[in-house]
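All chains, full assembly: derive it from the sequences and hints.
2 protein chains.
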Amino acid sequence: MRATILHAPFDVRLEDVADPVLLRPTDAIVRVTASCVCGSDLWPYRGINEIDKPTRIGHEFVGIVQEVGAEVRTVRPGQFVIAPFRYSCGECAHCRYGVQTSCVKGGQGWGGRDGDGEWTPACQGEVVRVPYADGTLVATPEVPGEEQLASMLALSDVMATGWHCAVSAGVQEGETVVVVGDGAVGLSAVLSAVRLGAGRVVAMSRHESRQAVAREFGATDVVAERGDEGAERVKEMTDGVGADRVLECVGTGGSMDQAFASVRPGGTVGFVGVPHDVEVPIGTMFRHNVRLAGGVAPVRHYLEQLRDDVLAGEIDPGRVFDVTMPLAEVAEAYAAMDERRAIKVMLRP
Amino acid sequence: MRATILHAPFDVRLEDVADPVLLRPTDAIVRVTASCVCGSDLWPYRGINEIDKPTRIGHEFVGIVQEVGAEVRTVRPGQFVIAPFRYSCGECAHCRYGVQTSCVKGGQGWGGRDGDGEWTPACQGEVVRVPYADGTLVATPEVPGEEQLASMLALSDVMATGWHCAVSAGVQEGETVVVVGDGAVGLSAVLSAVRLGAGRVVAMSRHESRQAVAREFGATDVVAERGDEGAERVKEMTDGVGADRVLECVGTGGSMDQAFASVRPGGTVGFVGVPHDVEVPIGTMFRHNVRLAGGVAPVRHYLEQLRDDVLAGEIDPGRVFDVTMPLAEVAEAYAAMDERRAIKVMLRP
Chain G
1 MRATILHAPF DVRLEDVADP VLLRPTDAIV RVTASCVCGS DLWPYRGINE
51 IDKPTRIGHE FVGIVQEVGA EVRTVRPGQF VIAPFRYSCG ECAHCRYGVQ
101 TSCVKGGQGW GGRDGDGEWT PACQGEVVRV PYADGTLVAT PEVPGEEQLA
151 SMLALSDVMA TGWHCAVSAG VQEGETVVVV GDGAVGLSAV LSAVRLGAGR
201 VVAMSRHESR QAVAREFGAT DVVAERGDEG AERVKEMTDG VGADRVLECV
251 GTGGSMDQAF ASVRPGGTVG FVGVPHDVEV PIGTMFRHNV RLAGGVAPVR
301 HYLEQLRDDV LAGEIDPGRV FDVTMPLAEV AEAYAAMDER RAIKVMLRP
Chain V
1 MRATILHAPF DVRLEDVADP VLLRPTDAIV RVTASCVCGS DLWPYRGINE
51 IDKPTRIGHE FVGIVQEVGA EVRTVRPGQF VIAPFRYSCG ECAHCRYGVQ
101 TSCVKGGQGW GGRDGDGEWT PACQGEVVRV PYADGTLVAT PEVPGEEQLA
151 SMLALSDVMA TGWHCAVSAG VQEGETVVVV GDGAVGLSAV LSAVRLGAGR
201 VVAMSRHESR QAVAREFGAT DVVAERGDEG AERVKEMTDG VGADRVLECV
251 GTGGSMDQAF ASVRPGGTVG FVGVPHDVEV PIGTMFRHNV RLAGGVAPVR
301 HYLEQLRDDV LAGEIDPGRV FDVTMPLAEV AEAYAAMDER RAIKVMLRP
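The listed protein sequences derive, respectively, from chains G and V. If you use the UniProt record's numbering, the first sequence corresponds to residues 1 to 349, in order. If you use the UniProt record's numbering, the second sequence corresponds to residues 1 to 349, in order.
No lab work stands behind these hints, which were simulated from the structure alone. Small disclaimer: the values here were computed from a predicted structure and weren't measured. Treat the hints loosely; a few may be bogus.
Any copy will do: because identical chains look the same in the list, a pair fits if it lies in one copy or spans two.
Below, a list of computed lysine to aspartate or glutamate pairs in the DMTMM-like style, where the Cα atoms sit at most 25 Å apart [claimed, not checked]:
hint : residue 1 : residue 2
1    : K105      : D338
2    : K53       : E225
3    : K105      : D239
4    : K105      : E236
5    : K235      : D322
6    : K105      : E232
7    : K235      : D221
8    : K105      : E314
9    : K235      : D114
10   : K235      : E50
11   : K235      : D116
12   : K235      : E91
13   : K105      : E147
14   : K53       : E329
15   : K105      : E118
The structure is reproduced here in structure tokens:
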């Protein structure tokens with residue numbers, strides 16, 4: 001089968017690799033229906049995270065179960081499944097507590113070693129061996145039609161991450177919510193805040209195409225200014241008070257500063273962007289009772305609920321995919337994401 | 001009247017000062033029944049916070065209203081009142097949101113300038129002018145007896161602060177809670193966690209007298225080890241998982257590190273210690289979805305409820321006062337606190 005391999009900065013290739021096989025009785029083999037490129041894949045792609053050897057890449061996919069190990073109980077061949085961007089055993093104290101991302105067997109995630117020392121596959125390819133299938137995968141009642149495919153794929157990472165940000169921040173009905181970041185996660189956070197009943201949702205975005213998706217998702221306001229200027233605009237919009245919740249969906253020091261400058265005393269900053277050079281302003285947090293909540297999204301915790309919301313037509317998070325390409329063009333998919341020509345690219349094998 | 005003045009490090013004196021008078025129609029004049037020395041008073045006392053001139057000090061007191069301005073509606077002469085360690089107007093957006101500590105008129109607090117530029121009094125003295133009396137003071141239905149005096153005084157700061165820590169951390173029934181810090185605030189946090197229904201409350205303390213109060217307040221376990229060793233003990237006690245909530249009641253880098261090392265993935269660190277050299281481990285927070293919540297306690301927000309709890313005999317937070325002295329011995333009160341000979345000293349004019 002074919003899979004994506006990152007050889008060096010800006011050098012991704014689709015290559016022939018060995019077909020995966022069941023290694024353990026808790027494994028499943030899944031044929032990929034669709035996968036995608038993540039903003040976080042761009043860190044190694046751009047060489048910011050070092051690559052010391054050719055490396056399989058990708059951590060978001062949906063597909064059809066081909067084969068399951070003898071101990072797998074909750075999914076069966078022929079079913080359509082959504083895979084979270086981290087796999088999890090479903091049984092340890094952390095999985096049961098709803099933080100499957102801290103699973104004791106989750107190890108380094110897709111493409112790294114699991115908690116038992118076994119290498120796990122990465123997901124931008126044709127077939128994936130899924131460890132701990134019962135604890136990881138969520139099936140749909142029927143194979144969804146093409147029109148729901150993008151939304152199901154979005155649940156594997158960006159939508160569940162935006163949702164986690166809004167839930168962690170504690171968004172309540174009628175509140176004013178500011179979203180920092182207009183990538184696929186930020187846009188998903190807009191959708192999530194709206195779904196949680198926020199009265200006013202301010203998308204911070206300077207890109208017209210992203211502003212349009214934010215509006216479609218229910219943003220009531222768009223602010224194009226950034227940094228202190230952006231925070232100043234939010235203060236003006238809230239009679240000098242600040243937003244009840246700010247959803248930080250980038251992960252840089254600048255975006256975190258902007259989030260803290262925009263939130264009201266007693267409010268909450270939700271954060272889901274992988275922190276890079278972030279210094280938490282503990283003095284401000286203390287003086288003004290600002291909470292900080294979030295982290296890497298435990299997708300599996302939310303997946304059944306979000307799947308049902310998509311099936312019921314309540315949310316359509318797949319709208320963040322603005323480009324679809326065949327897997328063979330994965331190099332171009334990375335380039336389009338890197339150059340911000342695409343919000344998010346879906347790859348079809 | 002007499003009031004406490006800090007002249008230089010380790011040099012506090014009781015001196016004659018002018019009697020306070022009503023300056024604004026929203027003021028009240030309160031004769032102090034009891035005040036006390038706070039752990040945070042020790043920062044300037046020890047010279048860690050610089051003192052450039054003789055300075056009135058103290059921010060916790062209860063007393064009897066002597067006189068009120070023409071616009072004061074909620075308290076009247078003769079009533080016993082509790083004063084939070086920060087005054088607040090009760091009317092601005094922050095006060096109405098429950099963060100009276102961010103009041104736009106609260107300014108620098110007792111002994112500093114208020115939001116209108118007026119100097120406000122400090123409270124270790126005989127009589128205090130209270131600005132924004134309606135937004136600041138809470139009265140009791142009757143003047144409480146001597147046996148409830150200490151508990152009422154504790155509400156002005158330490159008990160409400162411990163409560164804020166436990167509430168901010170989101171302590172739920174049956175949970176395991178660790179309290180870092182065995183000062184009056186830490187002990188109050190133990191009492192608060194117990195009152196919120198925690199199943200297991202671990203007090204981190206190496207002082208026998210404080211351990212005894214923690215046990216009286218309902219701590220189920222005491223851990224004497226500190227730092228990594230202390231966190232290791234907590235991990236052992238929780239099958240390697242960590243505590244659901246950790247209440248950080250000190251404010252140093254070491255105690256915050258210990259808090260984060262003791263909390264479970266998906267758990268919460270509550271914090272109320274004024275941060276000194278604290279670096280928030282944002283990477284850990286992200287990887288393991290640990291929340292950070294708390295700050296300077298908006299005492300006024302909780303004061304009616306806590307007053308009622310004391311009156312109903314549900315809580316007895318006054319137990320943290322282990323020494324009572326006449327105000328004339330204020331210098332010795334500071335020394336006893338500084339040398340940790342006392343947990344907390346009550347001063348009676």
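One pair to classify: K105 and E314, alpha carbons no more than 25 Å apart. Within, between, both, or neither? neither (34 Å within a copy, 45 Å between copies)
One pair to classify: K235 and E91, alpha carbons no more than 25 Å apart. Within, between, both, or neither? Cα proximity of K235 and E91: across copies only (19 Å, versus 45 Å in one copy).
Within a copy, between copies, both or neither: where do K105 and D239 come within 25 Å Cα-Cα? between (49 Å within a copy, 16 Å between copies)
One pair to classify: K105 and E236, alpha carbons no more than 25 Å apart. Within, between, both, or neither? between (48 Å within a copy, 20 Å between copies)
At 25 Å max between alpha carbons, let me know whether K235 reaches D116 within a copy, between copies, both or neither. Between copies only: 22 Å across, 50 Å inside.
Give the relationship of K235 and D221 under a CA distance limit of 25 Å: within one copy only, between copies only, both, or neither. within (13 Å within a copy, 46 Å between copies)
Given a CA cutoff of 25 Å, do K105 and E232 count as a within-copy pair, a between-copy pair, both, or neither? between (45 Å within a copy, 21 Å between copies)
Given a CA cutoff of 25 Å, do K105 and D338 count as a within-copy pair, a between-copy pair, both, or neither? Answer is neither; intra-copy 32 Å and inter-copy 49 Å both fail.
Intra/inter-copy verdict for K235 and D322 if alpha-carbon distance must be at most 25 Å: For K235 and D322, neither the intra-copy (32 Å) nor the inter-copy (46 Å) Cα distance is at most 25 Å.
When no copy is specified for K105 and E147, does a C-alpha distance of 25 Å or less occur within a copy, between copies, both, or neither? neither (35 Å within a copy, 56 Å between copies)
Could you place K235 and D114 in one of the four classes (within, between, both, neither) given a Cα distance threshold of 25 Å? Only across copies: K235 and D114 sit 23 Å apart there, 46 Å inside one copy, limit 25 Å.
Using 25 Å as the alpha carbon limit, work out where K53 and E329 are close: within a copy, between copies, both or neither. within (22 Å within a copy, 72 Å between copies)
In this structure, the hints that do not hold are numbers 1, 2, 5, 8, 10 and 13, in rising order.
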